[in-house]
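Chemist: In case you want the letters, here they are:
There are 2 protein chains.
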Amino acid sequence: MPGGTFDDAFRAELEDLIKWRRDVRRFRPDPVDPALVEKLLKLADHAPSVGLSQPWRFVSVAGKAERDAVIASFERCNRKALDGYDGENASLYATLKLEGLKESPVQFAVFCDETTEKGKGLGSQTMPETLRYSVVTAVQTFWLAARAWGLGVGWVSILEPETVKEALSIPASWSLVAYLCVGYPQEEHIDPELERAGWEKRR
Amino acid sequence: MPGGTFDDAFRAELEDLIKWRRDVRRFRPDPVDPALVEKLLKLADHAPSVGLSQPWRFVSVAGKAERDAVIASFERCNRKALDGYDGENASLYATLKLEGLKESPVQFAVFCDETTEKGKGLGSQTMPETLRYSVVTAVQTFWLAARAWGLGVGWVSILEPETVKEALSIPASWSLVAYLCVGYPQEEHIDPELERAGWEKRR
Chain A
1 MPGGTFDDAF RAELEDLIKW RRDVRRFRPD PVDPALVEKL LKLADHAPSV GLSQPWRFVS
61 VAGKAERDAV IASFERCNRK ALDGYDGENA SLYATLKLEG LKESPVQFAV FCDETTEKGK
121 GLGSQTMPET LRYSVVTAVQ TFWLAARAWG LGVGWVSILE PETVKEALSI PASWSLVAYL
181 CVGYPQEEHI DPELERAGWE KRR
Chain B
1 MPGGTFDDAF RAELEDLIKW RRDVRRFRPD PVDPALVEKL LKLADHAPSV GLSQPWRFVS
61 VAGKAERDAV IASFERCNRK ALDGYDGENA SLYATLKLEG LKESPVQFAV FCDETTEKGK
121 GLGSQTMPET LRYSVVTAVQ TFWLAARAWG LGVGWVSILE PETVKEALSI PASWSLVAYL
181 CVGYPQEEHI DPELERAGWE KRR
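Chains as they are written, first to last, in the working numbering: chain A, 1 to 203; chain B, 1 to 203.
So that you can see chain A by itself, here it is in the shape it has in the complex (with noise of 0.2 Å):
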């Protein structure tokens, strides 16, 4: 189609993309192109951020001690959330995979430059809070984008920003927005609303 019109053939794939797309934490062990990883990145560039601040700062996380500190953080804050729960739904909680932290081959940490010249604050005076939705739109751009080519994405939000980012040596002007885990996925699922009906059903 020309520049900008779409028709009814790829809003109907675009509604598949996005209701296929799924939160994923089991992992092929399969390397992923660089090069197809830095094309994806540079498509999330493009989402929508505010004053055209582009505040979003994508860290590869690919060291083992660094990796290491990661899992660390989650199996602290894992057990701390699973103490929060009685009875069944703790027996259920603690059956849940809840990340792909030891198995997905490219990691993110996606932090927000609080910080950032760009954009000259243009729009974020009364609610600065949108500089860090900005780094989630892009996010979410990704991460459909990822799905287009075959790759799933898992958004890890059991861990502590301070340690994701003394692991890193992230600025002190930088905030954890999220952290992410990307590889080919072990399964596809023939219904895409199963697993994440999960948690919610067995209640």
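In short, the hints are calculated from the structure, not lab data. It cannot be assumed that every hint is accurate.
Any copy will do: because identical chains look the same in the list, a pair fits if it lies in one copy or spans two.
Restricting the straight-line Cα-Cα distance to at most 27 Å, the calculated cross-link-like pairs of lysine-lysine (BS3-like) are [claimed, not checked]:
no.	residue 1	residue 2
1	Lys-39	Lys-80
2	Lys-39	Lys-19
3	Lys-80	Lys-19
4	Lys-19	Lys-118
5	Lys-165	Lys-19
6	Lys-19	Lys-42
7	Lys-97	Lys-39
8	Lys-97	Lys-118
9	Lys-19	Lys-64
On the provided structure of chain A, position chain B as indicated by the hints.
Modeler: Frame of chain A; chain B shown alone:
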């Protein structure tokens, strides 16, 4: 393509969609089919959310009194923001059209229900802000889908959250994440990068 796989033709169009998505501030007054809006909101429901909490609440803002309260809030905040710039930056800021609050036929205030039971707190105990971030993924999903159907969306961030909540009688436990203007854009841009870079290039 079979469910969940996407070919190069689709990927190329998805790239186009991501690049052509714009923050629209100039709308045609033409009405938008409510069935289309409903369809886009349903697609946004497939956005990722921490613990499948789906905490997004899209509240339609259609009444004159409500819209007037939002416009007044924008005008107050925008004057304040203008006062924060000096010299040439102030003159430039004053010329920018930052929102389509008066023209866009469809408007939503988008909230995060901070106390939703859905998801039972799964995954959001260490970084509770991920609940609000989930709302942002729904906004970006809505935005991309809207663009595929020819609709423009503009995110207004120069607003007082408490004023918007009061005008719409919103529960105390919901927080304002985004305010969206939706409608058919007055014009498409030949170069998707042109307007995005305006404020930056004129510094």
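Chemist: Please flag the earlier hints that this structure goes against, numbers listed from lowest up.
Modeler: Violated hints (numbers, rising): 1, 3, 5, 7, 9; every other hint is consistent with the structure.
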